[in-house]
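**Student:** Heads up: the protein sequence lines correspond to chains A and B, in order. Mapping to the numbering used here: the first sequence position 32 is 46, numbers consecutive. Mapping to the numbering used here: the second sequence position 302 is 290, numbers consecutive.
Calculated from the structure, these hints are not laboratory results. Some hints could be false.
Derived contacts from chain A toward chain B, CB cut-off under 7 angstroms, selection only [to be verified]:
hint, residue
1, 56
2, 60
3, 71
4, 73
Owing to the predicted nature of the structure, the values given are computational and were not obtained by experimental measurement. For each residue, glycine too, the CB sits at the ideal point set by N, CA and C.
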Amino acid sequence: MTNEIHGRLQSVLREVFDDPELTVADATTADQIDGWDSLMHVNIIIAVEQRFRVKFAAAEIAGLKDKGQNIGTFKQALAKKLATR
Amino acid sequence: MSVASAQFLVAALLFAAGFFRLPAGNWRRHLFVVALVAFLCFSLSGLPGLAGLTVFILSGYGVARWLAKSPNPMVFGGYVVLMIAAFLVLKKYDAVRYIVPAAWLDHPIAVAGLSYILFRQIHFLTDVLQGQVARFTLMGYVSYQLNPLTLLSGPIQRFQDFEKFWADPQPLLGDLHQLLCAFQRIMIGTIKVAFIGAVCLGQFESATNEITRAMLGEFPITRWFALSRFAEVLYLYPAYVYFNFSGYCDIVIGTGALIGMKIPENFDRPYVSRNMIDFWTRQHMSLSFWIRDYLFTPLYKAIAERLPRQAPSLVFVCYFVAFFLAGVWHGSSMNFVAFGLLHGLGVSATKIWERLLIRRYGRTGLRSYMESRQLRIVAVFVTLHFVCFSFLFFTPDLERTIGMLGMAARAVLFKQI
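Chain A on its own, in the form it takes in the complex (with noise of 0.2 angstroms):
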């Protein structure tokens, strides 16, 4: 499920970001992706939503590029959404 989710997070992070070569770990942090400011936050936030049929929160939206926050943390805000859908 974790793989599952990692390979779609990156897809959708590949498309929005327009750069098919793009790798993100679990490590990965927002300030380390260029171009990843408030706006494309909203914009990968939007593609997140449309591509596993989930709802964030303005709070959460916020909490996800928090400092401390990854891609990993990134992940786990996903699956328990898709858990509770």
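On the provided structure of chain A, position chain B as indicated by the hints.
**Tutor:** Chain B only, in chain A's frame:
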């Protein structure tokens, strides 16, 4: 009561000294409420203010209870509209005079910290509606809203962060070093507010008074006079805003740390920002993050979901709407509209510039651009001056600002003024 006043500091330190001597739980919460009531007695201006505050906060709590039971976006939307309308009337906004009878604005209700209460309430209700607040009580919510450390001028603390303190007030500071750092921060904050900020404000007022007298014809305006006084006004007001507000935040964040409450940071060296987007991640951070999370993101998301092709262009509308509202939130007169729109322009220009760089040099080129030390110095210089210019509109007298700008422009362009 000013947080840099001797009364506040002595009261806060005495409170902090006694707080953890009480047993954990209700005893500490009760002492916090006693401090809150005492602070309100000093801050409220009479019974009408107390009545306004009570209605504003209790109605918010009532609607939150309703939303927690049955989340209904219509109820939420209707209440937020009502709340904003009440806010505009209570704060006597200029523009409201064209919509409601003048008598409505002729009221004696002055509610301390209403602007911050409004933003905290919108955040709280949004999070309750979206299931992001696990539990809340009347006393916890009222204490959150009337927290003496954030009531008058923020920072805009999120309810979830306050709740961590309220649920179980425990010491945050692990050792003597951290304790000393908290005291040091309170002392530095006091110096910033009471000395550096006060000197900047005094010099700024002296310069603006001289300019006003010169513009009234009391003495001739020379080129040197015009440029030197304008430079004082240009730099001193932003300096005053920074030292006063960041000093205030140092005091409340330091005091919060002493009583086990984590209050969000509000400043991160804003005047070394390299562009206006960077500036708003460093200046009044709790406000800019609130605007990002509860205004810009939902607005842009709604547009991008419905009109994905137009979203890259329509994002600029979102920037202007967000900064226009941020501007008018700061105050009720037209100069704040100008301030907000200027910042909307600055943020939009930053985004356009970034897109141009990416189109021309690609993301690798943008990275090299961002890493260049020389370009960073130029970018910081330009951003600082744009910010200083925008702060000319932050002062309440728009007519005087325009007069000063005209005087400075004549001094630059012509030898004779």
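**Student:** Taking the hints in turn, state whether each one holds.
**Tutor:** Structure-based check of all given hints:
Of the supplied interface hints, the one on residue 56 of chain A holds, with its beta-carbon coming within about 5 angstroms of a beta-carbon of chain B, less than 7 angstroms. A least Cβ separation of about 6 angstroms between residue 60 of chain A and chain B falls short of the 7 angstroms threshold, and the interface hint therefore holds. Contact between residue 71 of chain A and chain B, as hinted, is supported at the beta carbon level, the nearest pair being about 4 angstroms apart and thus within 7 angstroms. Evaluation of the residue 73 of chain A hint against chain B yields a held restraint, the C-beta minimum of about 4 angstroms falling below 7 angstroms.
When held up to the earlier numbered hints, the structure conflicts with none and fits them all.
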